[in-house]
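Following the hints, put chains B and C in place on chain A, whose structure we already have.
Residue numbers (our numbering), protein chains in the order written: chain A, 50 to 549; chain B, 38 to 478; chain C, 38 to 446.
Just so you know, these hints were derived from the structure itself, not from any lab.
Ideal placement from N, C-alpha and C gives every residue a C-beta, glycine not left out.
Don't take every hint at face value.
As a list, the in silico SDA-like pairs of lysine to any residue whose alpha-carbon atoms are at most 25 angstroms apart [to be verified]: (1) C:Lys160 <-> B:Pro145; (2) B:Lys213 <-> A:Gly347; (3) C:Lys149 <-> B:Val136; (4) B:Lys213 <-> B:Pro145; (5) C:Lys160 <-> B:Ser388; (6) B:Lys213 <-> A:Val490; (7) B:Lys213 <-> C:Glu294; (8) C:Lys255 <-> B:Val363; (9) C:Lys149 <-> C:Glu294; (10) B:Lys213 <-> A:Pro260; (11) C:Lys160 <-> B:Val363; (12) A:Lys102 <-> C:Pro422; (13) B:Lys213 <-> A:Ala541; (14) B:Lys213 <-> A:Asn346; (15) C:Lys160 <-> B:Asn383; (16) B:Lys213 <-> A:Pro233; (17) B:Lys213 <-> A:Ser248; (18) B:Lys213 <-> C:Lys255.
Per the computed footprint, the stretches of chain B lying under chain C, defined by three or more beta-carbons under 8 angstroms from a beta-carbon of chain C, are [unchecked claim]: (19) 330-336; (20) 339-352; (21) 364-374; (22) 378-391; (23) 460-472.
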Amino acid sequence: MQKQLYFRLQWLLAILVALLAAMCLTANAHAASPASANCTLVGTTRTCELWAKTGTAIIAGNSVNIWGYTDSASGVAQLPGPSIVAYQGETVVVILHNDLSEASSLALHGQGLLADTTGAPAGGTATYTFVAVNAGTFLYEAGLTANGAKQVAMGLYGALVIQPTTPDPTYTNETVLVLSEVDPALNANPGAFDMLTYSPKYWLINGEAHPDTDAILAYAGQTLRVRYVNAGLTDHSPALLGLDQMVFAKDGYNRPAFRAVAETMAAGQTMDVLIDVPATLGARYPLYDGNQHMDNNGLANGGMLTFIEAVTPPPAVTNTPPAPSISSPTDASVFTEGTVITFTGAAMDVEDGDVTASLAWSSNVDGPLGMGGTFTTTTLSVGTHVITAIATDSGSLTGSTSITITINANSPPTVTISEPTDASNFGFGSEVTFTGAAMDVEDGDLTASLAWSSDVDGPLGTGGTFATSALSVGTHVITASITDSGGQTGTASITITIDP
Amino acid sequence: MPSTVTPSLRVALGLMLAMVALAAPGTNLNAQTVPETSLVCENQTSPGVYDPDITLTTQDGYIGLPDGNTVYMWGYAYENLGFQHPGPTLCFTEGQTVVITLNNTTVPEAVSITFPGQTNVEVNTGSGFVPSQPQFSGSTMTSLTQAAAAGGSITYRFTASQAGSFIYQSGTNPQKQIQMGLFGALIVRPALGHNYMYNWANTRFNGDNDYLMLLSEIDPELHWAVEQGLPYNITQYHPRYWLINGRSFPDTIAPNRAEWLPTQPYGALLHIQPSDVTLNPDPSAVRFMNVGMLNHPMHPHGDHVQVVGRDGRPLLGPANEDLSYVEFGPVIGSGQTKDALYDWTNVDNYSPSNPLPSDVFSVMNQFLLRPRDQNAMWGEWFSGSPYLGGSSDQPAGVTNQGECGEFYQIWHSHALHEAANYEAGFGGMITLERIDPPGGC
Amino acid sequence: MTQKLTTRKFTRRDFLKLSGSAVAIATGAYLVPKAVSAVQFTQMNAAPLAATPLDQRYHLAVTDGWIHMPRLNNGFHPDPWAPDPDTFNTYTFGFRDVTGFTDAQVRAEKGKIQLSSPILYAKEGGELRITLTNLGFAQRPDLTDGHTVHFHGFPNAIPAFDGVPELSVGVPYGRSYTYYYRLHDPGTYKYHCHFEDIEHVSMGMTGMVFIRPAANDKWAYNDASTAFDREFALLLGEVWSIERFNAAHIQEHNWSEYDPDFWTINGRVYPDTLAPNGDPMSTAAGHLQYQPVSSLITCNSGEQVLLRFSNLGFQRHAMRVDGITFRVIGKDAKFLGAQAYNTDTVDISPGETFDVLFTAPTVSTQTTYLLYNRKLAYLNNGGQPGFGGQMTEIRVSPSGVPPQSAPNF
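So that you can see chain A by itself, here it is in the shape it has in the complex (with noise of 0.2 angstroms):
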């Protein structure tokens, strides 16, 4: 198995790929799979609806009255009918018009829901809803009416495809194959017809015979997964020249896997398999029923025949990472604790330019840190960090750089004072001199940003001295402090009293 690691890339191009499937259409003619029906996704519900119509297909160049569906009110029944894709987790509610003549039901296999033996009246409609729950294969068809094994004969059926939300990376493309008969004389007389006698001169895949059968295009070199849907009234083998399939997956549950060459599938049985397709461009290998049904009602070369094709994969998506930069602070810078940092830097990424705004900044001892171009912090915690920073691209590509600074402890600032000495007198009015110090290890001297206030009179001046006589009459606690650059904060006090 080969891996791609574009994820969204591969949706999109599945996106493409059917958009470009359904321009192609015309009245007859069929992509490599069954064009999907169209259906209205609100929130997390998917509306679908289909019409049971009669109408004719060319069959090996016969034409042939069939009841298919369809998903438009004016369009015309398809055989097989169109492919209801949902996805994984979704409610589906589909809505069953009946343009046939007699009653309809819809079966919607492997998704609990019970048999309808009622449906919809000839020209009324029947709604059905459920939940995806499981991600897999499954066949839609006519239900059980009491006419229904005959409306499933005449053509009424088609594949369900439930998709995983996330892409499933053991393969890099898909393709539908419903495999089924056509009795000629059933189509003919419906009515009339004693299914005993059934007996197929056609066997389609996707509803043509060779020559008429789409070759299925694969990625050279690449796997690719096949959604085998057995509509038809018997059993199938499936088999391949040149190469082998690994079975994963029956009725949409998943299997212990196998390999093999031709498995048989039950009548009405789903079959999910992995091929994987050599490199070599061009080179074709048959997928046909191991039954030998390769003849048009008798004639040679015809059948439940198709190829896959190598063919060129799209070009592997390029995706550079992002490049990001740390501006500030250098590396090596060193802290003290408790001061603004402030973090400067920016990103640019070859695809979508300028994503400094993804930038995701963290230590690797204080965890993440702040998004963007920059940011400031105090609060770093002490010790040497590893600041790194991560820029991410649309396609989900990282880049990131980091820087190492340190962090130091921050020791508070000493304060002393040294006159007046503590529990002094002084007279009213008279000059009191204030002298201190304020010493920080990290700062210095700090004495010059010394602020001194009283708890009566409030802040008194700033400095390593200064004098008043403006003190008022009492008991005054002296504080001197000082905060030092990483905010810590260093005091002294001394009590003195001012007598009247």
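Coordinates of chains B and C only, in the frame set by chain A:
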């Protein structure tokens, strides 16, 4: 209505000759001496040595069915030998580069060979080897691979990179040509050893007990139309004969190279001894293949088979988990092969010294029969004793086909109308398993 | 290497030497085993399921009879020689459970088979005896067919009890023979006659047999993950109306034209598959008197239900269920263990068996799930409009369905 075919002289001859240690080689076939049972590798030059560079021609001829009918067939023939059905069983050792030249000497239309399960098959139509590719006329495929025109030649080449059991068959007008007999078996022996089915220790088998079970059907109307040069519509396909290794029962139990079946050289009799840890520790290999248009639900009496491979791929999961399984109803789908191991164990070991309860196996009531009823009630392959190796007197008028009190079990399609020669029961897709007492007869 | 051929006539002395029971031989009576347990349906309704005995003995009678299929009016069916065109109108061969019957009672069942044949079961580690008595055919006194019992899939079988007459013995008209098995391997098997088996099997001589594991009667295998609250045997088959006519009217028959008109589960076609279990000794079931095995599956929410599928027809069938997930835990009487898988379709070919477990969904009111053959060309009765054939229902109730007294109840 007694629709059981009274065993014929053919059967009696068959089993008498089965007692001969080695069957005489058929005059029309590869002169190597082959054992009476177990598959024959036509391209074996000495034991376990296979010629990887061989030539096949196309021939036509007739095969015989036990109801006396003969059917016109086409077939691949080995080197300069004559018509045989099925085509020669070819054996190779893993890693050999296989080169098969096809000279389409006899069939009046283009013939090819496809090798389902092989990869990177190349073809030389005269100007060097190119990849095997389907051939087209406009958008209509004319052949699943390059073909040799009537009277022409073509060479196929591939590396036998996968051990296992494979089919080879025509890819041109396959519905007609495969039905007419253009098919055969292709065995690739693993590097681990010729007595393993895969490079997987658990697939070791007793090298003397390597059994091919190649299943096919015959619609005699199609063959008659081809013989007469008349058109035939495949939608009218209605098989009447059911074959294992190109024969219908009771011919299936005749030995390889039975002289009275000169164009049908392969038997399908299993000839084993009970499983025993010391005397007989390894099971038999059984290689089921189905080239018919219908699935065939085989049923071995005696014991389950252990399925170890499908289409030449071992049943091992991505982390080498053992995905083999055991079944008594191996269904062989169209175009598929199934590799299995088989043994029979004398679990309860009933014997005169370890007898059955006295109230069971009361055969005395069968003695008092009108002579004409006895043959239907007392089996020709029944020793008369329930014990392996035992025997008892036989009722008057019964011809015993056994040798030394061995057991016989039947293997057959459980779509029971296929266990018939046309409408006559106890024929068709049936063979027997013969269990000798330990040490053999 | 000489053959042991003999043309020596048997003396009475030899005869007695082997038989061990002079009296029985002198009177020409068959040996009636001591009945330890019986699978009479009349007994099943009353008592809850008893433990499976280690010494299990059945006495089966083989004969012919008439069963019911919906009228085809195709010139062959209903058979003009049938007792009644609307009730017992289809000629059939089969087995009857006569365990415990007296000699006279056994003989009274000549011409009265049941389709499908009685469900047999026994216990791993124990023994099973099946005594077969050939009563002959009431409709075909000219036929001296023997009969046998082939225990299909019995591992390491010995020919004496494998039931292939050409390789052992057949049971002649008026005689009995006791088959004997020591049981080592639990699982779902089947039995059928192997005398002229193309005819006898398609004419109806087919039934189910299962071996309960030593650990627990209500497990499928010796593994707690195979525990079940209810079990149902579902034996698939086909009926070919022309063959039935030919058999009754002493006409040669071409098997290569095999082309059935009816598809059966436990011997019945839909909607008869839904009718309750019955008893061939009672007329209460009307036209289903001789088809006493029901295929209706009833259960309570949350219960584990075991379905034992088996196919003794000649065609491959695709039994599909809508709305319930099946878990395949056994195949051909082998526990799958880690290889068990979920499915919606039991793809079953002739000769296979499958053990399927499902958990009855949580429902607030009785809810019906359909189980049917997705080979839609067969899902009818003789090609007539409407559904028929191999279809039955799984009816899940929130609660209140009483415990099973026997399989299929």
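To see whether the hints hold, each was checked on the structure:
1. Using a Cα cut-off of 25 angstroms, the hinted pair Lys160 (chain C) and Pro145 (chain B) is violated, with the two alpha carbons roughly 63 angstroms apart.
2. With a C-alpha separation of about 11 angstroms, the suggested pair Lys213 (chain B) and Gly347 (chain A) falls inside the 25 angstroms cut-off, and the hint holds.
3. Between Lys149 (chain C) and Val136 (chain B) the CA atoms are separated by roughly 65 angstroms; this puts the pair beyond 25 angstroms, and the hint is violated.
4. With a CA separation close to 13 angstroms, the supplied pair Lys213 (chain B) and Pro145 (chain B) stays within the 25 angstroms bound.
5. The suggested pairing of Lys160 (chain C) with Ser388 (chain B) holds, with an alpha-carbon distance near 24 angstroms, which does not exceed 25 angstroms.
6. At most 25 angstroms may separate the alpha-carbon atoms for a hinted pair to count; Lys213 (chain B) and Val490 (chain A) exceed this at roughly 102 angstroms.
7. The suggested pairing of Lys213 (chain B) with Glu294 (chain C) holds, with an alpha-carbon distance near 22 angstroms, which does not exceed 25 angstroms.
8. Proposed proximity of Lys255 (chain C) and Val363 (chain B) is supported: the alpha carbons are some 23 angstroms apart, at most 25 angstroms.
9. Among the hinted pairs, Lys149 (chain C) with Glu294 (chain C) is inconsistent with the structure: their alpha-carbon atoms are about 28 angstroms apart, more than 25 angstroms.
10. Among the hinted pairs, Lys213 (chain B) with Pro260 (chain A) is consistent with the structure: their alpha-carbon atoms are about 19 angstroms apart, no more than 25 angstroms.
11. Proximity of Lys160 (chain C) to Val363 (chain B) is assessed by CA-CA distance (about 21 angstroms); at most 25 angstroms being required, the pair is judged to hold.
12. For the given pair, Lys102 (chain A) sits about 22 angstroms from Pro422 (chain C) by alpha-carbon distance, which is consistent with the 25 angstroms threshold.
13. As the CA atoms of Lys213 (chain B) and Ala541 (chain A) are separated by approximately 112 angstroms, the hinted pair breaks the 25 angstroms bound.
14. With a C-alpha separation of about 14 angstroms, the suggested pair Lys213 (chain B) and Asn346 (chain A) falls inside the 25 angstroms cut-off, and the hint holds.
15. With a C-alpha separation of about 20 angstroms, the suggested pairing of Lys160 (chain C) with Asn383 (chain B) holds against the 25 angstroms cut-off.
16. Straight-line distance between C-alpha atoms of Lys213 (chain B) and Pro233 (chain A) comes to about 23 angstroms, which keeps the hinted pair within the 25 angstroms bound.
17. Restraint check: the Cα-Cα separation between Lys213 (chain B) and Ser248 (chain A) comes to about 19 angstroms, which is no more than 25 angstroms; the hinted pair holds.
18. The hinted pair formed by Lys213 (chain B) and Lys255 (chain C) fails the criterion: a straight-line CA distance of about 53 angstroms is larger than 25 angstroms.
19. Counting residues of the segment 330-336 of chain B whose CB lies closer than 8 angstroms to any CB of chain C gives 4, so the stated coverage by that chain holds, three being the minimum.
20. For the segment 339-352 of chain B, the proposed coverage by chain C is satisfied: 3 residues have a C-beta within less than 8 angstroms of a C-beta in that chain, meeting the threshold of three.
21. A stretch counts as covered by a chain when three or more of its residues have a beta carbon under 8 angstroms from one of that chain; for the segment 364-374 of chain B and chain C the count is 4, and the coverage holds.
22. Coverage of the segment 378-391 of chain B by chain C holds. Counting CB-CB distances below 8 angstroms, 6 residues qualify, and the rule asks for three or more.
23. Figure legend: the segment 460-472 of chain B, annotated as covered by chain C; annotation consistent (4 residues with Cβ-Cβ distances under 8 angstroms, at least 3 required).
Comparing the model with each earlier hint shows violations of hints 1, 3, 6, 9, 13 and 18; every other hint is respected.
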